Every structure is written in C-alpha cells, then in structure tokens.
Amino acid sequence: MAERDVFTDEQIQDYIDGRLNERDRAAVAAYLLAHPRVAAEVEAVRRQNEALRALGHEILDAPVPEHLRRLLRDRAARPRTESGPRTRGARSRPIRALPSFLRAAAAILVFCVGGAVGWFLHEAIRVGPSLADMLLADIDRAYAFYGARDYPVAFPPERAKEFVTWIDRAFERDVRPPNLAAFGYRYRGGRVFPGAGADIGLFHFARPHDTELAVFFWSTAAAPGIVRALHARDDIAAYFWTADGLSFAVIGDRANPDLARTAAAIFAFYDQSLAPQLTGSRP
Amino acid sequence: MDDVLQRIEQEIPRLRRYARYLRREPDHADDLVQECLSRAIAKIDTWQPGTNLRAWLFVILRNCHINEIRREQRVVSLDDDSPASEPTLTVPGSQETRVALAEVRNAYLSLSEEHREVLLLVAIEGLQYEEASAILEVPLGTVRSRLSRARQALRQALEAGRGAMTGGPRRSATEKAHG
Chain A
3 MAERDVFTDE QIQDYIDGRL NERDRAAVAA YLLAHPRVAA EVEAVRRQNE
53 ALRALGHEIL DAPVPEHLRR LLRDRAARPR TESGPRTRGA RSRPIRALPS
103 FLRAAAAILV FCVGGAVGWF LHEAIRVGPS LADMLLADID RAYAFYGARD
153 YPVAFPPERA KEFVTWIDRA FERDVRPPNL AAFGYRYRGG RVFPGAGADI
203 GLFHFARPHD TELAVFFWST AAAPGIVRAL HARDDIAAYF WTADGLSFAV
253 IGDRANPDLA RTAAAIFAFY DQSLAPQLTG SRP
Chain B
587 MDDVLQRIEQ EIPRLRRYAR YLRREPDHAD DLVQECLSRA IAKIDTWQPG
637 TNLRAWLFVI LRNCHINEIR REQRVVSLDD DSPASEPTLT VPGSQETRVA
687 LAEVRNAYLS LSEEHREVLL LVAIEGLQYE EASAILEVPL GTVRSRLSRA
737 RQALRQALEA GRGAMTGGPR RSATEKAHG
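Protein chains in written order, with our numbering: chain A, 3 to 285; chain B, 587 to 765.
The shape of chain A in the complex, shown without the other chains (with noise of 0.2 Å):
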C-alpha cells in the first residue's frame, strides 16, 4: 500500500480507526499531509466519532443499580464448583434476599427436587441424575433474580400476555397463570429462570393479608399424570404433579385450610388448559 499514492474509502477508514500498521500508517499520513480535502475529511470523521463517543454518557456516569451488581456479588460470594451446573451444595447457600415466602418456596423446591425427600420426583424426572443438578443450578440463578428486585417477578400482571409468549417459547406450551379469584388469590407475576439445562416457570398469587401461594413448572420426561403428592415442611406445603412433558409443584403456606383444594383446581385447570396441546387436538 504504500506504494499508491491514493487510498480507497476503506483503507481510509481503517487509518481513521488505527487498524493500520506503522508502515501504512504512516503512508496515509503522508498522503493526507498532500490532499487537505481528503485529510479535512478524516478530521470530519474524527469529530463525528467524537461526538458520537458522548451521546448516551449519563448513563456510563450514572450510578449502577445495585441490583445489577448484586447479580455478580453474589456470584463471587459462592463457594467455587469445578465447573458446569452446580452441585447440591447449593443447597445450603444463604438466600438472604429472597422474601420470605418465596425464599421458602424456593428452599423446598431445591430441597425436593434434589432429591432428599425426592421419591415422587424421581419418578416425575426420570431423565438422569444430572436435571436435578441442573435445576439446583437453575434455582440457584433464581436467587440472583429473586435478590436483584424489590418485587421478585419479571413479568408483572399487566405484562402476562407478553409472559404467556415467553413461556410458549421457553416450554412449547400455552402454560398461562390459572385464575385464582375464587380463592381469594390475585395474581402478582411470575418469571423464567433460564438455565442450560432446563427453564423453571413461576407464577406468583397473594391473597390480601393473608397467604401466598407460587406456582413453579418445568419440563419433564415423565409419563403424565402419575405423581400426585404432597410434601410439607416447617411452615410450606408443597403439592407436586406431572403432565406429559411439565411437572408442576404448587406451594404454599401449611396452614393455609384451602391449600389442597387450591392445588387440585390448579392441576385441575392445567389438565383441561394443556390436554389439547398434549394430545395435539387443540381445537
């Protein structure tokens, strides 16, 4: 190149962002040095880079949401794992920031799922030892969500529409928050926990004053409809049940009187809402 006396519009621009080396480099310069017009262009470029370098510079000045840092914080915080998923250990990690309920929801779904009390879940995700380990992992990550907001959703209620498309996405099924008003409970939000091995949904209901009760899914292997059982500790409940490719665990607070009738309507409602789509005879 160095050679030519007149350069195209590319190696221009590769002098412009010092992708050229010294040689070259210093050929450009040269050129430029004779062709003002040419070198008035560059300078054109130069202040337009500049300029552009500062559109959107409150936002590198501006303070990082804690949340955000929390995510990496609390990475670090972790006892390290070898590599991959991490392994039943991160059971017994603080989940300071959860909310109460949720925190134990999640607990107990850890708890179950990874296998300690894990006879009915056994069953439900006969797909290898490895899944468990993976939604522990999964949950997990859901703890970086559930301690980087205020409120632990995502998706709120007035962004449900938008959720039930993530959730087709993440699940291939129409999984949509059951209407719980005849319990009482209203629908708060819910989130997926995307993971390398497998998604969890959660759907979250309050009832004022009162009690709550999550909703969690995933996908399974398990042949549908076998697993219907129940597992309770400290002050939660938890209901477990599977569909052909989705296992569900409904948890809520133990003394709550209307818990089991909730979870038979939730199944209930999901045996109807997600038969069509199992079968493929979606009307």
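Honestly, the hints are just simulated from the structure, not real lab data. Remember, predicted model here, so these are calculated numbers, not experimental data. Idealized CB from N, CA, C, for every residue including glycine. There are no misleading hints in this set.
Covered, in the sense of this in silico footprint (three residues per stretch, anywhere, with C-beta under 8 Å from a C-beta of chain A), are these stretches of chain B:
(1) 590-604
(2) 617-624
(3) 689-703
(4) 734-743
Rough simulated footprint, nothing fancy, chain B against chain A, three-plus residues with beta-carbon under 8 Å:
(5) 43-55
(6) 63-72
Given chain A's structure and the hints, the job is docking chain B onto it.
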C-alpha cells in the same frame, strides 16, 4: 473467577448504554442487562481469557435482545398496542455543546438501525471490526462496508439537518475526494 466478575461489573455501564440503545425504555434496558449478566455468570467458564470481555458480553446482551424481540413480535401480533419508541440517548454538556451534540444525536437517530448499531459498536464503543463482526453475526467485510456507509449517511444527515436549520441550500453529500 472473582477477577472476571469484577471486570464484568466494570462493564455494566457499557452494557447499560448498549442495552438502552437496543431496548429504548430504561427499565426494559436494565432488565436486558440483568438477563445478560445472569447468562454471563452461568456460562462464565466459556469466556476465553485474553479475548475482549466487553465484546463477549455484548454478544450475550444482543442475543438476549434478539430472543426478547422474537417473543415480543409474537405478542404484538396478538395485542398490537405497544408501538416501538425511538432511542432515548441524551446529550451532556453546556448549552452550546448540547446544541452541537443534539445535532449529532438527531442525525444518528435518523440512520437505519443497522447503521446505528455498527456505529455504536465501532465508533462509540471502540470495538475491533472482528469483534463487531462476531456480535452482529455478519462477515468482516460487511462490517467494514456497513461502517463506511453508516459514516457517509451520518455526514449526509448532519448536513441535511444543518441545511434545514439555516434554510440555505446544502449539498446532500460530501464531495468524494479520494479513490
């Protein structure tokens, strides 16, 4: 790994700016950054030391954005009540500087999306062409030619904007002085 996490934390402002460009609305932009950080943490072992961490994060951020756009397109088809808004990059500085930068901002925002994005990555964020190529998933030559056209379009837009302000006739394109 802690060192990498610290470096990722230092990149958050850059991620927020890129996300603001991609997502427009500040809350959605930060949701996108959160999603990006979560995925980066999950696959942190796949980052190759010695490579550009910012470019790696931008790839993740952009993929998160694309996934979200695909989801939203499906939502819009069901409930088309969410018109797209324009980017909301603001300009800092004194009154005079703000006026000058506002011209640049308006010209920048008038460009096509692919021109804006390549300028953002290379001219604003200072990434190498190769890194922009990986982020945009286009060949290196496409980055180079797209960047050249973007700069030309920006100059034309700036001149058109100034011409409109003064009311005087302006050439729509700069004279090609080389080649």
